[in-house]
Amino acid sequence: MPHLEIRELFLSFGGIKALIDVSLSVEKGIIHAIIGPNGAGKTALLNCINGVYRPDTGRIEFGGHDLTRMKPDEIARLGVGRTFQNVELFRNMTVLQNLLLGRHNHFRSGLFRGGVHGYRNPEEVDHRKKVEEVIDFLEVERWRKAYVKNLPYGVQKRVELGRALCMDPEILLLDEPTSGMNVEETEDIARFILDIHEEIGTSIVLIEHDMGVVMDISHMVTVLDFGNKISEGPPHVVQNDPKVIQAYLGEEQERERKTA
Amino acid sequence: MAVTRYCTRTYLQDQRIFPSHSAKISLTLFVIFLVLLPAFAGQYLLLVASLCGIATISVLGLNILTGYTGQLSLGHAAFMAIGGYTVALTGEHFHLPFELNLILAGVVASIAGLVVAIPSLRLKGLYLIITTMAFQFIVEYVLLHWESLTEGERGIPIHAYSLFQLNLDDRSQQFYVVLVLAIAATILTKNLAMSRTGRAFVAVRDHDIAAEIIGVNLAKHKIMSFIASSFMAGIGGCLYAYVYQRITPEIFTFMVSIEYVAMIIVGGMGTVVGGILGACFMTLLPQFLGLIFGPLSSAYPFMSSRLGAINIMIYGMIIIFFLLFEPEGLFGIWIRIKNYWKPWPFKY
Ligand SMILES: Nc1ncnc2c1ncn2[C@@H]1O[C@H](COP(=O)(O)OP(=O)(O)OP(=O)(O)O)[C@@H](O)[C@H]1O
Ligand SMILES: [Mg+2]
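Sequence lines, in order, name chains A and B. Residue numbers for the first sequence follow our numbering, so the first one is 1 and each next one is one higher. Residue numbers for the second sequence follow our numbering, so the first one is 1 and each next one is one higher.
It is worth saying that the hints were derived from the structure and are not from the lab. Be a bit skeptical, because a hint or two may be false.
Ranges of calculated distance between the beta carbons of each label pair, as one might list FRET restraints [what the hints assert, rightly or not]:
1. B:LYS220 to A:PRO122: 47 to 55 angstroms
2. B:PHE325 to A:PHE137: 38 to 46 angstroms
3. B:MET313 to A:LEU78: 49 to 57 angstroms
4. B:LYS24 to A:ARG77: 38 to 46 angstroms
5. A:ARG91 to B:VAL180: 35 to 43 angstroms
6. B:LYS220 to A:PHE137: 24 to 32 angstroms
7. B:ILE25 to A:ASP136: 34 to 42 angstroms
8. A:ASP126 to B:LEU100: 48 to 56 angstroms
9. A:GLY39 to B:SER26: 54 to 62 angstroms
10. A:LEU78 to B:VAL273: 36 to 44 angstroms
By construction, the Cβ of each residue, glycine as well, lies at the ideal position given by its N, Cα and C atoms.
Using the sequences and the accompanying hints, generate a full structural model.
Spelled out as structure tokens, the structure:
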């Protein structure tokens, strides 16, 4: 049974068609990669799942709900975790505060108990323990109390992944988690993603430009080009699909024309 | 090099408000000083101290809304007015005891807060500011013109009330009531800031899309922030009514709303200590200016009409100074002084 099912999704911005009749199903507990040239609509697709963008038509089903009718925070509460292409953390907060915010919906206490108990609220300690597990897992111990804005980019990306993990998500949507990283950092992130998959069994939708990572860790690959789904299948099949090669070649020729 | 003076063994210890003992000790000394204040301070000084305390309560409320949640309001004085008039009217007609009046003032003001919050949910930035300002003007207008209820400009006298054994006519006993409530407000705000809801407020302020993505309900948190903020404003307004012993629309004008915003700018946005420093600074400033300009205007009577304008100018200049040179306000200065003395008595 698919965990997340997207059916006939259309999305446009004025005249620009960002997604054209995209259907996609993500099976439970697998790593599903979405690839495609720049501007293909990959980020737009994740934004539709999150409720940040409203698609023109189409359905997105997750756990018996139609996500196209829900607000981002309601979708988050269903267990959809997300990281962004350009790190969207709370920059003026510490790593700890960011991760605790990831636990937001697992707290019971509200305004009143918050005011009366503050940090003495036993819940704070419970969730701090969970946060510390994530800190251990992602190996960011030494930045625990550092302000996010002062951290190197690679660490910020890891913290953002941590914030999503703190939500105890059923499904994780990761938008280019390795962009702007060196080889070593990229390997670390790939390892973390595999560990999350193996230890927690979370379904993962992964947008990734690094083909090596995609081939190594994903079970399923969907290729988008100009808003259309042009290919889908296991990595080695997609890799040899002439349409995919054509799309990427087209991009390369474009680039050569521009530089020439 | 950092000085490690303490270590923590449990998460609870690690999350404490005061990681070191020295902070706790100096705070305790400060509270003891305040408790002893009536022993040596005169009536006038006690009144000023009470005004500082009331401003603290009220400004901490505004700080929750504007400092923590990032919703700039120019109608804070209107919520205070609603608290104050609630007390005046219930006192006049129902003769409720002080404790009940106090809570009632907060509750009625926070209902008003809810009413303003709901249409404001879709508004951001400038539009929200205009809405709160409109609310301020509506309240002012009603207070002035619904004479059968509010007695217009003349206002309503507040009769002597007593709280348990305390007689609120007495300046020093008034001061104690204000002191206790100001301490309670401080603790509540600090707790709130360090709790789940407080963190979510700051998340809404700093990055609303990211907040939504991790499951923070924006509308709910903006409403909660409005309610908490106007509750504290209502309490503040109620205390003004008791201390002034007469309530008039003049106590709660638009200018007062601006002054409250100035307090959190001068003190430091989104910090409890900053709110307190700002409240005291802006309450004491006119007193100091009065000390300087009082004798001046009696010596040169022809200038006296201009001195009021000079007062406002000085206000404006101070705000501009902080915005330009010390955006973190008095709180920023306070932290720098603290860090300077931290390694004491060791020198590096
Ligand atoms: N908020 C928006 N307003 C207008 N156009 C948008 C918006 N978001 C995306 N688009 C357009 O939709 C198309 C798809 O963009 P999207 O960001 O999804 O691409 P992408 O596949 O993530 O590319 P990249 O690899 O560069 O991240 C692009 O043509 C883009 O210009
Ligand atoms: Mg993208």
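Verification of the supplied hints:
no. : hint                                     : in the structure
1   : B:LYS220 to A:PRO122: 47 to 55 angstroms : 23 angstroms, violated
2   : B:PHE325 to A:PHE137: 38 to 46 angstroms : 44 angstroms, holds
3   : B:MET313 to A:LEU78: 49 to 57 angstroms  : 56 angstroms, holds
4   : B:LYS24 to A:ARG77: 38 to 46 angstroms   : 39 angstroms, holds
5   : A:ARG91 to B:VAL180: 35 to 43 angstroms  : 38 angstroms, holds
6   : B:LYS220 to A:PHE137: 24 to 32 angstroms : 31 angstroms, holds
7   : B:ILE25 to A:ASP136: 34 to 42 angstroms  : 36 angstroms, holds
8   : A:ASP126 to B:LEU100: 48 to 56 angstroms : 37 angstroms, violated
9   : A:GLY39 to B:SER26: 54 to 62 angstroms   : 59 angstroms, holds
10  : A:LEU78 to B:VAL273: 36 to 44 angstroms  : 40 angstroms, holds
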